[in-house]
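S.K.: In case you want the letters, here they are:
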Amino acid sequence: MSTVAPETSRDQGLTTLIGVDVGGTHTDIAVSTPTGLVRGKALTSHDEYSRGILEAIAVAGERLDLSLAETLGQTEQIVLSTTVVTNALTELRGAKVGVLITQGFKDTFRLAGGARQPVMDDQAHRNPPDLVPRSCIVEIPERVLSDGTAAVALDEDAVRMAVRQLRDEGVDAIAVCFLWSFKVPGHEQRAREIIEDEWPEVFTSLSSEVYPVIREHERFFSAVFNCFCQPAASILLDTLRDRLDSEGFAGELTMFSGAGGVIPVETARRLPVLLLASGPAGGVAGAIHLAERMGHENIIVTDMGGTSYDLSLVEDRRAAITPRISVAGLDTGISIVDVLSVGAGGGSIVWIDERGVPQVGPHSAGSMPGPACYGRGGERPTVTDAAVVAGLIDPAGYLNGRMSLDREAAVRVVGAFGAKLGWTPNQAANAILDLTVTNMANATRSVSVERGYDPREFAMFAYGGTLPLFAPRICDALDITRVVLPANSSVFCAFGLLTADFVRRYSTSVDVTLGADVDPTAINEIRRGLVEQARTELAQVGLDPDRAELEWEAGVRFAGQVWEITVPLADEDLTTASMTAMAAGFPATYERSYGEGTAWEGSEVLLANLTLRTRVPRRNPTLATPPPGDPDVEAALKGRRRALLPGADEQTEIPVYDGNRFAEGLTVSGPAIVDEHDTTLFIPPSWSCTRDHMSNYNLKKEG
Amino acid sequence: MSTDTAPATGTVAPATPDYDVLGVEVHRKAMDEIAREIGITLVRTSGSPVVTEAKDLSCAILDESSELVGFSGFVGFHVSTSALGVEAVLRNYDLADIRPGDAFIANDPHSSGAIHQGDVGVIMPYFHDDELIGWGYVNAHLLDVGGSSVSGFAPEARESFAEALAFPAVRFVRDGKLSHDWALFIANSVRVPVPVLNDLRSMIAALNAGKRRLDAVIASHGLQTHREYCRINKALSEQLIRSRIAELPDGEYVSKEWIEYDGHGTADLYELGVAMTVRGDEIDLRFHGVDQVPAYVNGARPSVLGNAMNALQTVFIPDVPVNAALWRAIHFDLGPAGSIVNSVPPAPVSQSHMECGMRITRLMSDVLAQAMALSPSDRLRSRVAGQPNNGIATCTLTGADRRTGQPIVIFPIAPTVGLGGPAQSVSDGVDTYSGQFNIGTRMAAVEVDEAAGPMVTLWRRIEASNGGAGQMRGGQGMTSALAMRGIDSMTGTAFNSCAEVPPRGSGGGQPGAGSDYHVVRGSEVNDLLDRGAMPTVETLGGSTQRMPSKTGTLTLREGDVFVVASGGGGGLGDPLLRDPAAVAKDVADGYTDEAAAREVYGVVLDGAGADEAATDAQRLRIRTARIGAVPPREIRDAARREIGVAVRVVAGRWTCGCCGEDLGDVDDNYRAACVATSGSAASTLGARGTRLRSRTVGPDVLLTEYFCRGCGLSVRADVGVEGDEVVPAPRLTAEGRRLADRAAT
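Each protein sequence line maps, in turn, to chains A and B.
What the first sequence shows, in the numbering used here, is residues 1 to 703, in sequence order.
What the second sequence shows, in the numbering used here, is residues 704 to 1448, in sequence order.
Only chain A is shown next, with the shape it has when bound in the complex (with noise of 0.2 Å):
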């Protein structure tokens, strides 16, 4: 993975990394110590943030008999992501944000681009939420043209007028979007010292700043949505330092971007909304972690809770990443790491469709009331009771015995929903189990072949408390033969933030004409001033330029064309023969996405844009262990249960172990379960189970 030494710790005596997932429910810790790993829950507090934290700590701090201080006192360095930014967002609930836009343009926030969106039903529709009070965009005289020309000045008294007029409004943050300032952000930058000017504490962002890549409507919003999460993530930013500081702590605090990297605080201070599902990005970072130390190249990642099955495809153990995603049905240019979500949880809710076909989810019950066997009063039929009645749950033991359900109540919910259809409750069980794990394949199957990649090439980590019992069924769908279960899967979000590096993408339009004429001089300027952006930002943060990685790609199309093709470039300057032989090469590249013959004729390639992407190593976390001893299966079974496999009409007898006695290298064949901590693991027929060194779960599918 890296070709650089990793940082050694600035001061000997730091020795100790925490990553924070800062969740809606629970704030949730693993602690990296030179001798293990351990984990802390606490609730979270939205009111201040830092209490939940801090306790959390505490928690994991007991089990190495460790006080606050003391665990804080050895910490190099503390990594965060949070949900704060992603609830303000999808939520709608933020700031209220003033906007200066170009002349001419005040709707733009209304058209929208457009709103309709590709569904069938009038009904579905809905106009764009008014993100920002109409009263609260102010129109100001200023034209950049295509070409360049600032034709129109900006006119200085009218911005002056706005910022007074928005401060009356009482507006908590100011938002400049002006057209073609992604090519020419004069006027934004100009704005931003008028605003300073005028009202130097408000919070204020430049759609230059936050994305400068053409389509208005997208860098607009950006820059508005950065403006509206601002409040949210400042309740975190602000005084996190400062609290933990007063407790103790001497490393360094550092964020974790939705984009999969970290970041300084300054840079989420000033840009909150890469802060935006850097918890789901915390996740797949560890899964690569892990995938590299066990020698998988290509693996797809998944998680499952009650109410979400998230999961992303990491092919050569590079996260991809979606840029330009669309937030409350509003387009942005933010980048997040791909993760796609569908509505298919343990609490997914089964029901029958009009045209007399069953479906499960994307309604859930959510925690209250919940599946029928969580005895709270559910009475639709959910996957959990499905798995209860199947026998795969112990009614018993879920949570590890922290919560009992009713298994009457499961089999009453099932039976009435398969008695519509002419089951009996067993098969209706496991129906509802195929269409899960049936939802579950089409999904990965969107993110795998629909994209052109062959499933069977990749491994599944699954990890979050539902998906155990089902990825290998969903394996065996798409000829998926290994499956790694990690450990501290409850937990896995924040142990990710601690395996990936300092990352930063810096994006830019070149749109350069490849010929055997062209002149590289002026791209090679550009990339400099990349280069130099990045070194700057380095420092500012204190690591040293000189150890980062430059990794750079190149946007390229048909001239005439939209969408660019990925292509990656050596970090070097470019010639004017490595430029040509760019172009020579570019059909085949596209025909081996499109198909033979379908390569454009008579058309240029264009390079149209550049991105350089920085990297800079960390020291790997400590991993954790499993239990100590020999691998022993007597000693690991914890006894039997009936279970209904796959296709059978009847439960049968099938062992069950347990995780705490489960050691390394025990080797277990289905059908079996394994009852962990705070799920459990179904080993289908011709599926084994093995542990290793450290403590993730390994299966692989036999013959």
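Hints were generated in silico from the structure; no laboratory data involved.
All C-beta atoms in this analysis are idealised placements derived from N, C-alpha and C, irrespective of residue type, glycine included.
Any given hint could be a false lead.
[Claimed, not checked] A short, non-exhaustive set of chain B residues, derived as facing chain A with CB atoms under 7 Å:
#, residue
1, ARG747
2, THR755
3, VAL897
4, PRO898
5, ARG904
6, GLN1016
7, VAL1018
8, PRO1021
9, GLN1127
10, VAL1133
11, GLU1153
12, ASP1444
Knowing the structure of chain A, use the given hints to seat chain B on it.
M.R.: Showing chain B alone in chain A's frame:
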């Protein structure tokens, strides 16, 4: 295409199915996914902003009997073109002569199933072990297809032969390669050969992607099972459609529309209409229209079927998985050949979809709203909506780029997406909803437009009072201004399909604004920009030139500005029932003004909010004025009336949905029991700030409102033309009356 995912309230399928229900569902999703993948590949490889930005494309998978089994698209009416295109291939070629690696091109509405010539279909046979197992279909709007004007629109052509290239489903790909002969011919016949040929290559690439996916599905299911599952899924969709139709009262529902055409020097209105007969679980649609005309507004079979089905799908059966079952319980009768709804060569048809076709969509939304309002199904009554605007107005231009000398084509898409949507019972209509058939088409960004051609966008704004007034307001349209800069001149066409006959509201809702455009000749725009001043409406200068709604001879010179105002959607329910707070917010947002708030909505503002007492008094004043007396009946509480359900059937009598007033025997027309006022639609709406182009010659377009004598609320706002008879009410059968009666209880 999404389906309704809410847990069902009642289910159709009764007994135990004797097939693998899961396998069938998995297979259905796979078919739609294949179609979707075809579309994704096209968007990723195409160079046309019409495809990449506006998503003017559709894709389909058909089985070996040429029946639709999977569909994915942004343009709904292409559910008809795929099957008709494959039929044309099979008419033109012996099956034995069709081989793997072939592909066919089809764009002629008269012979090969196309919507209009600009929407080009490419059809690829899919084989499994040398056996034909189905077809892939992709359709995209190409930048040009030759002919008398750019981009496949020929406003002044008098015969289809003068319109554009007309491919009758002809083989143009062999062994996976675009034929050299056809490439030469096409390159020589279109204005921008390089992008057009490259887009065709992208369409072939897209169908190749679909073929790979279908192979994988057949490899996993086996061919026999694939065929069986196709059959079962069609049967399941058919069953659902029939059960939905059975919820409509049996009877006949009628509507009329008028196509506007002024391209040959006279301002004509061409009448067309539909009679929808509901019989149990089947629907008969009988369309009629005046004789076909020598202008591009005629309807050809593909667009009449496609546009009608599009309304049914968006309004009535959005949750039904799309396949050939669409055509099994809904029957079409287009009447004698040679009419404007069933034209034959040489009738020009290059605007078949956006003239006749869009009026067909509106006819369907009107008759469906009438029938659904009487349904005993709560869900169907809640789906009563206004008419969508659908009246696309824009231009297509071509000229030589001053910098490169290369020919360029400009087709501003944003104004076509800028149309307001129908008001819904659950929300106001969607602003910039586009045409009802353009499902999910997007507006190209200003910056993308400006990068593509020598035009500067001066503004894009939502126009005040543009959406039809109502308890729920119609969606609002956009006004935009495009200034020519950096090119000497461009020539082309301009068209506006809804300037004079506006979209209706429903249940007492008002019509939305029409679309319009004009050219500001010799504006100051470039002088202003050159000396650093902001061009605005006030500073633009120049002279305004009114343009006909259809012209094939538009010339724009440097400094000219093309200003397009896209129309709004129809409203739902009497505007006097609108929440006063929503009206106050509309005023604050600039979506309407205080005068309209007072006169149209009866809301008197007090600062930022509504003055409740003054509003009540004003609303009573308006209702009193409407019926010439103080209304004798109270308006029911909101809980006891339904949005947009203005007339119901109670014990065989028409009854006001808002106050319970008797409106006559159900065999008579409830309109006869109402107080009617009628006037010129353009001046009536204009007085309220809602734009509609006035007609320069007769007959005028009339807005006729019918007010309940009990409460003074509007029961219906009809749009018609001078001299036309009163619009008939639904004529229910005895069975239909019984069903409608159930709705009231």
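S.K.: All the hints need checking, so say for each whether the structure fits it.
M.R.: Hint by hint, here is what the structure shows:
{"no.": "1", "hint": "ARG747", "result": "holds (5 Å)"}
{"no.": "2", "hint": "THR755", "result": "holds (4 Å)"}
{"no.": "3", "hint": "VAL897", "result": "holds (5 Å)"}
{"no.": "4", "hint": "PRO898", "result": "holds (5 Å)"}
{"no.": "5", "hint": "ARG904", "result": "holds (5 Å)"}
{"no.": "6", "hint": "GLN1016", "result": "holds (5 Å)"}
{"no.": "7", "hint": "VAL1018", "result": "holds (6 Å)"}
{"no.": "8", "hint": "PRO1021", "result": "holds (4 Å)"}
{"no.": "9", "hint": "GLN1127", "result": "holds (5 Å)"}
{"no.": "10", "hint": "VAL1133", "result": "holds (5 Å)"}
{"no.": "11", "hint": "GLU1153", "result": "holds (4 Å)"}
{"no.": "12", "hint": "ASP1444", "result": "violated (25 Å)"}
The structure fails to meet hint 12 from the earlier list, while all remaining hints are met.
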